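Undergrad: Line by line, the protein sequences give chains A and B. Note that our numbering has the first sequence beginning at 1, numbered continuously upward. Note that our numbering has the second sequence beginning at 1, numbered continuously upward.
Everything labelled a hint here was simulated from the structure, so no lab data went into it. No experiment lies behind these values; they were computed from the predicted model shown. Some hints could be false.
Taking beta-carbon pairs under 7 Å as the criterion, some of the chain A residues facing chain B (in silico) [unchecked claim]:
#	residue
1	A112
2	Q164
3	R169
4	I171
The C-beta atom is built at its ideal place from N, Cα and C for all residues, glycine as well.
Take a look at the letters that make up each chain.
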Amino acid sequence: MANIKVAYLNILGISLLAVSSENTSFPKYRLYDRDIGKLFKGTAFASPFVIYVDQEATTIYEIDRLIIPVGHNLNGLACSLRYSTDAFSGDDHEAVGWTQGDALLIDKTFTAQTKRYWKLNVTAPATIVELPEMFLSKIYTFERNPSYGSKVGKKKNISRNETQSGRVRRIKLGGPRLSVVYDLLILTAQKTSFEAWDAATEGTEYFYVWDENGIPYFMELLNDLDFTYKANGIWNAHLELLEVL
Amino acid sequence: MVRTLDANQTQKIDRPFLQPIYLVHLSLSGLTLYFSDRNLDYNGHNYEDYLFDLSGIGNEIRNLGGYDNCKLTLRFKNDKILAKNTLIELFDDYPPEKKYVEIYKLCIDTGETFGSDVSTKIFKGEMGQPYEAYDPAVDFKIDCSSMLFGKNASLPLDVIDLADFVNADPDDVGKYRNILYGNLKKVVCPWTVAGWLSTLTADITSSDTTVVVSDSNGCPATPFTSLCDNEEIRVTANTKATGTLTVTRGYNSTTAVGHSKGSEIYEKRADFEAEVAKHAVKSIGDVYVKRGSEEWLRVLSGVTKYINTGGRAYLVFSDKVKYEEKTNQAIATGSHPHTASTPGASTKKCIPTGATGGATPANAIDGDELSSNALGGSVVCNVTFTETDLGTIAKEYIWVRASGGAVVIRCPDGTTLGTYNFASAGWKRIAKTTGMAWDDDVSCYDVSGFQLFEVYKEVEYTPTVTVSAHAADGVALSGNSVANMVIGDQVACDVEGYADPDGNYGGAGNLIERPDYVRKHILIVLLGFVAGDIGASFPTVGTIYGSQISGGYKFAFNLPEVATEAMDLFEKMDLQSRSNMFESGGLFNLAFGSIADPTSQKTFDKDNIRGSFLFGKTEVADIRNKLRGHYWRDYSKSGNLGEKYQQVLELSNGASITKYGTMQEDIEFSCVGDLALMVDDVMDWILIERKELKKIVIFEAFWDAMILEFCDYFVVTSNFWSGLKFKSIKLIERPEDQIIEIMGLQFVAS
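Looking at chain B on its own, in the form it has when it is part of the complex:
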């Protein structure tokens, strides 16, 4: 839409003479200067004569998305100002670099008191450094750039580094932290707390107490507990120079086992953390892990999701990460009876594990029937058993081989089982019917002394049957079985990115995904612009986005994966939403690529242009009649478009191919998720724009044409090609003679 002016200003440009005044506001740190090329009071400010002139104010856009810098040069009078002898010395104290300049234009009538007239803001941008300052002091120049160009390198990108994340996974150090918009699938989350991890440089046995690892520099302070396979290994000392760890094996009741060279050994923690985004997000959905090059596996347990803690979103794993592996197995009804048959009785010979009392008590339990333990008078030999409970004991027999007289056999509590006479060396079996236990002990005693050769127990028992847990009969399994994951593998999650914090981006709490809201959020929240910098065309085009396809246009992307510079980012967003963002009148504005016949805002002919129309055509090399759109980014993959994107859509135009031959191009929809309708709609438009040559017109018009905005349409009345409609893609205003240079690109209906 054309620029709207105050009624008074509209009247003053609609005639053959003009009296413009340019008003320049320099917003320095702690000081605002109001300059013009004359001294005047207006709108509460004293504008002072420190400005010689302005160069042309203009910009250029590319038809299919693209955003170029606007360059404007201010030439200042290097006069005395404030306490400084020259303006350029004042700029030493109040540097203009990277500070905003705003330029207003006020058209007045001769002799009028114009205090009530409303000036029009025609530019806002950043100032550069002063240059061409001659001595003696006369003048100097400062170039100004567009607002976005000034912020081109100001996207708040951040990487995982060890300064901020001391326990980050070394594999993830240096990776960009996620900045997420829209509804995304399987966004890879770098490990921000992974702890120390290394690998064994050699096989180790279950009894080794030193372990050499490939790198122990990142180890926590000793002692700490590590994990290798399922064995916990306590590290008590660390010789970093050699990577040698002194360890206690089988820590925390785990079993010490051998491990192979190359096995991962890592710090045991309860707070493994993977960052979803460097900002709060709307929600976190399913979590996935990836092992090596295998497919993603969904994590079912052991993870806590934080969508906004400390201004970040992240996942915390309480232990080793579990993942599920889809097996799609089914168990037929009745195939598992899930009953256990009653086992028969069993007999177990129990060998004693210890003996005390007598000259050589070990001889009583060494399994050698010929070696004996000589017991003196009143000496007791206690024989102990350590047995695992295998079931219910039915009978228990105590077998004793001895010689030399009567022997009293007792229970450990002193209960006498009986007195047995061993006149000569031989075996006796004593039945025990009460107080039977797998680990009950036996004591042998005689006041006169005898030789005790051997003792053992024999137990008759009914074994205990253990029935493993099982699925209920008739339930079909299709899904996931649990297995362990190795720390350091990739973690991903489904996530909804930024949510509207204040109702300015689609509704408080809503997901920010409509392209105009995404742009606005980036401009304000990420780049530091203010709401007043956003033009009214944003919501207008936003309404078009919302109704262009079923469900509306939506963006979904991880910003650092799309671009690392602001202008590049917006250029890509423009192309992928058939739009142009541009700066006009000190505001960011949006235009949507029209297919329907657009309204012409102005007609140009010999009565309102200076000089001649200059016609041409677009270059034949720019024709495209076969397009492949790659969309739905897989963030875990890199490589060519086919590898990085999960879907592709191909469109072509037969008539154009017949006319020009196949001229194809691959288009990367890095800002679009899996929204095939949107990709199709945008590619339709691109094909219409590029399948045929288009005419171009260049000319100069006067101040009344300065209301044209980028992407406004106009009609040219000329001696040939007359009546064509063009879209404005280049506008340069020249203040000295109030001429505007216009370049137009022909509109062709679909």
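In isolation and in its complexed conformation, chain A is listed as follows:
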């Protein structure tokens, strides 16, 4: 089993963002609004279609993960994620390149880079590019996985009724969502990481979690994150996570 991973910072939300073209009804902020399904759309064909990210000079974050959720239309297209230190005027490197083979979630790992400029190139799109989100982040990996009392399950969104005679009538109001309760015994270093994560999202922003099987979920933290001191520098952390559709 792999250690649980979290990606909670999307540098697009704190960077200057430029795109080859933008449909004002589907604006570019939707690339980082953490509302999967609200699409960003271009307005014109361009080869390559470029999403350009400038972290600006103040703080430059290290990046090692690209996630584009279901809803994109990159199937069959050649894509590459590139970085630069000089706005691609001379310094231009590929972090990861691939030809997308399906319409499923895109989850690309690459060697961590602390670079100011990033861009996603989509080569020769045949239709107007549409992306529900572009998550460019640094993975945080749990030092220790849950040790006891953890619960994993699906939370269903069902309304149940009965007729006068007792026949059941059910309404599916929405799809089932992964519900996870983690109880971890952690050391101070992991506690510090959790606190940084909590501070970055402030209980309002959703994030990606890769479970023990390496499957990514877009999730929210339901509870207030607090820590119970056990002994010998060991803390107990309690996390209640619910998948976001």
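Based on these hints, arrange chain B on the given structure of chain A.
TA: Positioned in the frame of chain A, the structure of chain B alone reads:
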């Protein structure tokens, strides 16, 4: 009829679980938003997650006509959208108020790709204003109303005003302009061009040159010609402060006469106009005028009818309006011989009207035989006559009294009649046998000078006989004699209102009068809905209208006289055509009140309702067993029903009266003309509906019952009163648990 669903959707509601998605279309000015409570692509649209939930979607109708607003609340997520940080700020740029919202329902299966499924439109209505928008931005609400409620105050009513009709009759200013449907009799037409009119504040004589009127502010610019009785009076100056007009009397060869205080004086025009309708009409029939409280009199001449000029219908009177008064007189054969007897010869003494020449020529024609005109040598005295031609002259004598010598008597052309010696003062008679004329003159001349005392003519003639025009012998008169009308009195006409412009209301060029066509025309042409808003039940019920009585149901009314608000109008039309109009699935639909046993669309029992049946009865106070229907509106009258309507029909039910006592009601058939058969048929139905108490049932059912429409019938299987058939009169769908609240009213066979 129950709502028809796509086969795929029918399958998905016919089972014990359901997965619905609501799709909301907001049609703003220049922007259409596609919202849902989740993000999804469907049918070419990206539906986005800006919606928390919907409140219940429902409506209620009254059994005997009546139309209530449907209220629906949408709760929106106040999230960032487009270039705005919040949705409610976007609505500042694209206001939702009075804009349409359409809601669709799509039932899907888990995991299915539902792109080919057909959603069902369940609502269309107008949005109101956002409210309950909390800060920090989370959500806000917008209430939505039914389509018709949103247009309730949008009937295109218009009044006669001086801005649009500068020469309108002040008595008609403020009156509604006619909007006409069907075949109407004696529709009052307001005067849209009547010109200025006032009254004399005092008697005037035939020679007065100033006239004071009660109000001269509305006068045209001077000079202009006015009429008072039959005298034309030219107004040359107007002192508005005092209402004093400076005038020339007897203008245009009319005779100046005295006029009494209070007489009407008004601007003379050649284009007096009375508006029939603010729209084009199919035809205009007879025209009538009314004077005071007298009966209507038919206008035979002097009026031109315009059925569609500038999009209006109106009458133009070229002069003072003529009307005919029915006298029903008969003239017996031979009572008027219509011949004139030959008159005998007459003699007329002609007095001269002027004289010239001599020292005092007037003395020659002053009738004084002793005063004379002294003529010097070679002086001529010409005496002139101005006489009306009274007939054929047989003889003419010139009488001259003179003294002082021989006098030559001449005709004006110089022809000498003779020389006569007047040695002393005396009369001589000179016969003239040629060139005789009523106005021929006489001249007297002598070279030596003499005294001319007097001259006149005597004419023997046969008078000219004038035989007045007369009807031919043996013709019986029964009808109309012509007289004048005072401008400002009411004018009316028989008229056929709106005609079908495009074949969508009964046939191009046909009169729009069948109740379903009238409703459809009002909805589309007057209120701005589109053909796609009209449900298929309209023509279905229209067929029933067409065959329900001989000749079919027909409406005939002047819209502003019936109602000034849309819902009130449709409510009245519903009752008067034993129907219910309602909105369902975003469409206007119609149902006809059934007397025959209707088909049940669904049976409800303990296996398909939630909770219990709740039974009750209608209120005994609502019983009616004696009805009076007032119909055939007289548009010239106001007051109570008996005064406004020309006919009344009374129906009662003896059994109900015996059981409950007399409980009566007057019903106003304001949309029906003189169609007694229709009134009778509708009143029969109303009596059946109200003569007895009826049972009511209220319960909740599940999504499979959401196919029920208003006025659909269903059967209830229960522990008591089981097997009764009910008509649905209240339906409220609750999306959160897919429950529908149903109220039914018992059907009772006639």
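Undergrad: Now tell me, hint by hint, if it's right for this structure.
TA: Checked hints:
| no. | hint | in the structure |
| --- | --- | --- |
| 1 | A112 | violated, 31 Å |
| 2 | Q164 | holds, 4 Å |
| 3 | R169 | holds, 5 Å |
| 4 | I171 | holds, 5 Å |
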